[in-house]
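Visitor: The opening residue of the sequence shown carries number 1 in the UniProt record's numbering; numbering runs sequentially from there.
None of these hints come from the bench; they were simulated from the model. Fair warning: there could be bad hints in the mix.
So the derived label-pair ranges between C-beta atoms look like this [said to hold, decoys possible]:
(1) Glu152 to Met331: 24 to 32 Å
(2) Ala257 to Met331: 57 to 65 Å
(3) Pro77 to Arg326: 13 to 21 Å
(4) Pro361 to Gly241: 24 to 32 Å
(5) His86 to Thr150: 23 to 31 Å
(6) Glu139 to Ser230: 42 to 50 Å
(7) Asn356 to Asp113: 51 to 59 Å
(8) Ser230 to Pro375: 28 to 36 Å
(9) Glu139 to Ser222: 28 to 36 Å
(10) Ser94 to Gly177: 21 to 29 Å
In silico SDA-like pairs for lysine to any residue, Cα to Cα no more than 25 Å straight-line [said to hold, decoys possible]:
(11) Lys118 to Trp266
(12) Lys75 to Ser244
(13) Lys270 to Phe234
(14) Lys231 to Ser244
(15) Lys197 to Lys118
(16) Lys197 to Thr281
(17) Lys140 to Gly241
(18) Lys38 to Arg168
(19) Lys197 to Lys140
(20) Lys270 to Gly241
These figures come from a predicted structure and were not determined experimentally. Ideal Cβ placement from N, Cα and C applies to all residues, glycine included.
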Amino acid sequence: MADEVRITQCCVVGGGPAGMMLGLLLARAGVEVTVLEKHADFLRDFRGDTIHPSTLELMHELGWLEELLALPHQKAPVLRFQRGAHDVVVGDFSHLPTRARYIAFMPQWDLLDFLARKAAEYPGFHLRRCAEVTDVLREKGCVVGVQARTPEGSLEVRASLVVAADGRTSVVRQRAGLEVEVLGAPMDVLWFRVARKPEDPEDPMGRFEQGQIFVLINRGDSWQCGRVISKGSFDALREAGLASFREDFARLAPFLADRTHELATWDDVKLLTVRVDRLRTWYQAGLLCIGDAAHAMSPVGGVGINLAVQDAVAAANILAGPLLARHVTPMDLRRVQERREWPTRFTQRAQVLIQNRVLGPALRSPAASTALPLPLWLVQHVPFLRRIPARLVGMGIRPEHVRTPAAPPRA
Numbered sequence: 001m002a003d004e005v006r007i008t009q010c011c012v013v014g015g016g017p018a019g020m021m022l023g024l025l026l027a028r029a030g031v032e033v034t035v036l037e038k039h040a041d042f043l044r045d046f047r048g049d050t051i052h053p054s055t056l057e058l059m060h061e062l063g064w065l066e067e068l069l070a071l072p073h074q075k076a077p078v079l080r081f082q083r084g085a086h087d088v089v090v091g092d093f094s095h096l097p098t099r100a101r102y103i104a105f106m107p108q109w110d111l112l113d114f115l116a117r118k119a120a121e122y123p124g125f126h127l128r129r130c131a132e133v134t135d136v137l138r139e140k141g142c143v144v145g146v147q148a149r150t151p152e153g154s155l156e157v158r159a160s161l162v163v164a165a166d167g168r169t170s171v172v173r174q175r176a177g178l179e180v181e182v183l184g185a186p187m188d189v190l191w192f193r194v195a196r197k198p199e200d201p202e203d204p205m206g207r208f209e210q211g212q213i214f215v216l217i218n219r220g221d222s223w224q225c226g227r228v229i230s231k232g233s234f235d236a237l238r239e240a241g242l243a244s245f246r247e248d249f250a251r252l253a254p255f256l257a258d259r260t261h262e263l264a265t266w267d268d269v270k271l272l273t274v275r276v277d278r279l280r281t282w283y284q285a286g287l288l289c290i291g292d293a294a295h296a297m298s299p300v301g302g303v304g305i306n307l308a309v310q311d312a313v314a315a316a317n318i319l320a321g322p323l324l325a326r327h328v329t330p331m332d333l334r335r336v337q338e339r340r341e342w343p344t345r346f347t348q349r350a351q352v353l354i355q356n357r358v359l360g361p362a363l364r365s366p367a368a369s370t371a372l373p374l375p376l377w378l379v380q381h382v383p384f385l386r387r388i389p390a391r392l393v394g395m396g397i398r399p400e401h402v403r404t405p406a407a408p409p410r411a
């Protein structure tokens with residue numbers, strides 16, 4: 001017997017962008033929802049910190065865009081890559097049909113805190129921190145809730161619907177026995193941070209150079225740096241030594257050469273193991289998976305958060321009515337997958353194509369050639385073509401809009 005039992009209409013597992021956005025929209029529609037987050041706060045480093053134009057447009061639809069953008073952030077109106085002496089703008093967001101025509105770089109914890117504050121305005125919203133889900137509850141073949149550990153003891157949450165938004169290593173997905181299709185990835189990413197000076201460039205950039213790929217993201221007073229490496233090669237890099245790693249860093253970003261000493265130990269370098277996968281079926285009776293729990297994305301384009309938020313909006317649009325009527329069927333859950341599966345598959349297919357045709361060969365070839373690949377040559381010489389990657393990255397396929405009703409907030 002659990003130490004505590006809670007009954008709610010919808011239990012969302014995971015307080016990331018997908019879980020918090022879904023919990024917020026459902027509570028705003030009048031649904032009683034409990035979000036379980038295993039950590040005490042949202043402070044995680046090197047999480048996805050990109051907010052795409054389509055997500056910013058959702059904030060505009062909710063009337064919160066200006067309030068969100070009052071938080072510290074940096075704007076990226078273009079996507080830029082360097083190869084040798086070539087400086088290529090590969091995406092120009094200025095032509096998008098949105099209020100904010102740029103990617104905003106904002107610490108994910110600030111975004112999640114913002115969503116939590118907005119959700120707390122609605123009486124049906126409950127965020128339970130330090131609640132680590134360990135299993136799903138079943139009755140007569142249906143998922144009817146979850147079991148969790150808390151500092152106070154065991155917790156049982158029973159709900160008409162459980163939504164797994166607990167990421168690419170989803171416990172709920174694993175305990176439910178849902179089948180995962182692995183698409184693979186030829187690379188991993190090493191993230192680290194160094195100081196940024198006022199005279200440094202403003203825009204984020206990527207650099208292809210002699211078998212190495214390097215990414216720089218302006219975080220205001222620091223640079224978030226990402227080095228893309230061949231999958232499984234981190235141990236070899238460590239064996240070569242931190243001094244060698246610093247030398248590569250200085251060569252790839254010469255204007256940061258005076259800051260390589262800030263990488264004092266390997267503890268300053270965080271490994272992101274890249275995986276691309278998706279569920280064949282996103283749901284069971286009483287259970288739905290969204291975001292990375294349904295489809296882990298490659299970091300190519302930084303679109304993982306965007307797709308997770310789009311999943312949440314679609315799920316809220318489709319399920320708010322059935323939840324309020326206290327009658328959610330597998331057909332309702334199937335409608336969510338049907339709505340979001342094609343955008344997911346298209347995006348993953350594009351990411352895998354870029355991984356296999358561009359990034360993989362670039363990592364395997366240490367040749368000194370700085371000639372531009374044909375796609376980069378085209379966007380450099382035909383500026384109109386920059387709108388295509390900007391549209392795919394900034395808006396995505398089939399962008400969602402808020403269709404849920406707005407219940408009165410707390411008095």
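Visitor: Going back to the hint list, which numbers does this structure go against?
Guide: The structure breaks hints 1, 3, 5, 7, 8, 9, 10, 11, 12, 15, 16, 17 and 19; every other hint is satisfied.
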